[in-house]
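Number of protein chains: 2
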Amino acid sequence: MIHSILRQSTRRYTSKVPTRFLATVASPTQEAVKAFFPDEPSRPKVVTTIPGPASKKIMARLNQYQDTRSIFFVADFAKSKGNYIVDADGNTLLDVFAQIASIPVGYNNPAFLALSKEPAFQTALANRAALGVSPNIDWVDSVEKAFMTVAPEGMDNVFTVMCGSCANENAFKTAFMYKAAKKRGDRDFSLQELSSCMKNESPGTPDDMSILSFNQAFHGRLFGSLTATASKAIHKVDIPAFDWPKATFPQLKYPLQDHVEHNQRVEKESLQEVEDFITKTNKTVAAVVIEPIQSEGGDNHASPDFFRKLQAICQNNDVLFIVDEVQTGVGATGTFWAHEAWNLPSPPDMVTFSKKFQAAGFYLSPRLRPTQAYRLYNTWMGDPVRAMQAAAIVQEIENKDLLNNVQNVGKYLQDNLTEMTKTTPIENIRGQGAFIAFDLPDGAKRDAFLMDMRQRGVNIGGCGDRTVRLRPMLTFQIGHADILLDTMEASFA
Amino acid sequence: MIHSILRQSTRRYTSKVPTRFLATVASPTQEAVKAFFPDEPSRPKVVTTIPGPASKKIMARLNQYQDTRSIFFVADFAKSKGNYIVDADGNTLLDVFAQIASIPVGYNNPAFLALSKEPAFQTALANRAALGVSPNIDWVDSVEKAFMTVAPEGMDNVFTVMCGSCANENAFKTAFMYKAAKKRGDRDFSLQELSSCMKNESPGTPDDMSILSFNQAFHGRLFGSLTATASKAIHKVDIPAFDWPKATFPQLKYPLQDHVEHNQRVEKESLQEVEDFITKTNKTVAAVVIEPIQSEGGDNHASPDFFRKLQAICQNNDVLFIVDEVQTGVGATGTFWAHEAWNLPSPPDMVTFSKKFQAAGFYLSPRLRPTQAYRLYNTWMGDPVRAMQAAAIVQEIENKDLLNNVQNVGKYLQDNLTEMTKTTPIENIRGQGAFIAFDLPDGAKRDAFLMDMRQRGVNIGGCGDRTVRLRPMLTFQIGHADILLDTMEASFA
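Read top to bottom, the protein sequences are chains A and B.
Each number in our numbering corresponds to the 1-based position in the first sequence with 88 added.
Each number in our numbering corresponds to the 1-based position in the second sequence with 88 added.
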């Protein structure tokens, strides 16, 4: 059994053997693996129900001012370390939720703490630049070190903003401006266009263009991004939206090797639907936006072949191809960008990012820069502080070879979870690197599992209707995987 | 002449007399006024054309990756101090643009620099919380110290986000949810509502509701906020928008005392138009959004009476009243919130903020909290680091009595600028505190003036078609005002 070959027994992690040793012997390659955080806790420790009395006390106080119904517990970040989060009651949890997939290199990573003490960083903190007016002298260094060193091939322009929704909305705007400029040709804006848009009327405000997204997609919660989103009705109901279309995202069956014909068919049908939307409807599709893995919508995957063909359809019809890597980007899938796994013949037109990168924005092909200034613009245009952190993340990923770590631990997790389908109710194991998910029979059982896991010391989250998603940090190692897997087994026992 | 009585001669500020002494003798109240930054430069110093060769070199490098056409110069923030910004070429400029009205208490303010060294601040920086899931233990302290101490009367709930556009869009969403819930009454969402919204179709996605804003308004650049914006066509053309209406913002004539009848009439007409939109059109107006001073749109003011009547119309028709204080908030008008000057009989329903507060979000009346969780939600829900800075800003405003300073220097500037209309081409002086603007005869003359002022050592910005806007920091004192006024006179000479 892969499980028993690769994974240590439950006894091991509860023993006094240090994590470092465990990680070493537990490695699937049997190489000596150093713990990235030698001083992090060696195991979870739960001392109260979660949320405990200290968390509840703070939540009650906070509830006077803010809605606290979504809060799991209150975090004591000063005490958190590496892959472990400590809460206000002193509970120590192995964290595979990681602030909704937004912590890249561990809590209180020394490189991050050191950055906080650098004069240039403190200067940027105390003097927030309007980057479109008077950027700091070292902004261009951040752009190169943070964004350009990991720019998707051929995409050497970047527009930075403050959050993932803003990243997607500005990418959509870029697509509309590009498409409108192509339609317009060489002529300048007409007076009618310029005056009508001030009243939100056509022709200046186009009523015949759209962004095509997919069912179950999540691209954000602002008006344009929420229009493209379709993961949960409660996010969308009562909020005005544009009448932009949604194509069916292929619903693959697992294990993949047992459902080859079905999976090829649903991918083909989805692509046909996309092509029909683009070629047979009255509205011009300016761009197709897609997540490499539909994350909030249930961790839905498609094959590299599907994405290559999707890009080809876009290219054949002069539709821009936007890849939303807000949740998938920055290493969790084992490559810096998830879409690298597709081996596209040419780069996407835009790639959006946020979350684990700390800085938000999107890469774009230089040809998409608007002809006129001030069309892609706002007050801050991003945050120099978060860009400096993004540069530190890139450096840390390289220094510690974290992509390789993610590939190893991802394979280890996927193999063991697949094995676990034989003895527990989990099913539909799917993943790319350590970006892994599985299903439970229904939403109620999933929710109970999440609560129980937290109470057993593993902070874990769900997505979709009945899915559990694993979003460990890039510093998650084999020893941590063992704890996760053993805790799952204990929970199901 | 007020001018000559109140203001020091050009000679004074070019002398070796320290700023502290100048500020003291120049005070309109003749009280002893301490310089907030004893060690800031005593005057501007321009050594190259702006942008100079060092700025241009960096801009050329940056231009490979980002559009640099909007950049004035590259800033050397480490060398900037107080009210003075230093650029990459060593030019020292008195800054009354302040990163598009976004620097509150001076460059390298010691309180800000000290904050950067605090352990709790560094912990928050290195461990970014998803505030809706596991907020940091001191988040509630920030909420109280930053937001609640200055909450508009009766508004003790706050929702934090990442930028001003996001603040407005979430306020709009709140209005739609509130209005839809009222229409729905006690019943739960229907299955039809929940399924139709996933396809962006009614009834789940309402096509009969709107946000009413005003001509020349600026509320942001994302799809919902840009719909409500109408300041410049180049921001809006080619971008899809909702068909939400715009009312005429009253175009007051100056000096106010010479145009009482006209001004009362245009305000009355505007209010009538608002009432007609609300009561006579098919679409339900969920909220009216308005800036206390239309800033990007040309610094357009209206009387407190106008705003009181506008609120009354909203209340009589169960329409929410949203005040967008993204640019006017945090002290620049002489009160913490600009709308305090209106003496409203009851608070607005929502007040949005960003820019000078460093943190972004909106205040809301507790009754507007959505009944269901996760409807106002996102990954970060604001930034603990920026909230800690906001708390420091509130403290600094109180410690240094900066609102009083703004009132004094604002009056001084307004009086002297009014006087200057007799001898220079400036006209239509209007202001609230130190949030002041004036017009030049046309856009070309305005743009030339802005360029010339920068070359003379004053960093200054425009808005609207032919307006110059003053956006000094709250630490701008009489001595700085003298430099500004003398430089203006020299420019016009």
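A hint or two may mislead.
Heads up, simulated BS3-like pairs for lysine-lysine below, C-alpha to C-alpha not over 27 Å straight-line [claimed, not checked]:
#	chain 1	residue 1	chain 2	residue 2
1	B	K167	B	K122
2	A	K320	A	K334
3	B	K167	A	K205
4	B	K341	A	K320
5	B	K287	A	K144
6	B	K334	B	K371
7	B	K287	A	K368
8	A	K287	B	K499
9	A	K287	B	K233
10	A	K133	A	K533
11	A	K499	A	K510
12	A	K267	B	K341
Read the hints as simulated data drawn from the structure, not as lab findings.
Verification of the supplied hints:
A threshold of 27 Å between alpha carbons decides the hint, and for B/K167 with B/K122 the separation of about 22 Å falls inside it, so the pair holds. Taking the CA atoms of A/K320 and A/K334, the gap is about 14 Å. The hint holds against a cut of 27 Å. With a C-alpha separation of about 18 Å, the suggested pair B/K167 and A/K205 falls inside the 27 Å cut-off, and the hint holds. A C-alpha spacing of about 51 Å is found between B/K341 and A/K320, which places the hinted pair above 27 Å, so the restraint is violated.
At roughly 38 Å between alpha-carbon atoms, B/K287 and A/K144 are farther apart than 27 Å, so this suggested pair is violated. A threshold of 27 Å between alpha carbons decides the hint, and for B/K334 with B/K371 the separation of about 13 Å falls inside it, so the pair holds. Under the criterion of a C-alpha separation no larger than 27 Å, the hint pairing B/K287 with A/K368 is consistent with the structure, at around 18 Å. Using a Cα cut-off of 27 Å, the hinted pair A/K287 and B/K499 is violated, with the two alpha carbons roughly 37 Å apart.
For a cut-off of 27 Å, the pair hint linking A/K287 to B/K233 is broken: about 41 Å separates their Cα positions. A distance of roughly 24 Å separates the Cα atoms of A/K133 and A/K533; the hinted pair therefore holds under the 27 Å criterion. The straight-line distance between the Cα atoms of A/K499 and A/K510 is roughly 18 Å, inside the 27 Å bound, and the hint therefore holds. For the suggested pair A/K267 and B/K341, the alpha carbons sit about 42 Å apart, so the restraint of at most 27 Å is broken.
Hints 4, 5, 8, 9 and 12 from the list above are not met by this structure, while the remaining hints are.
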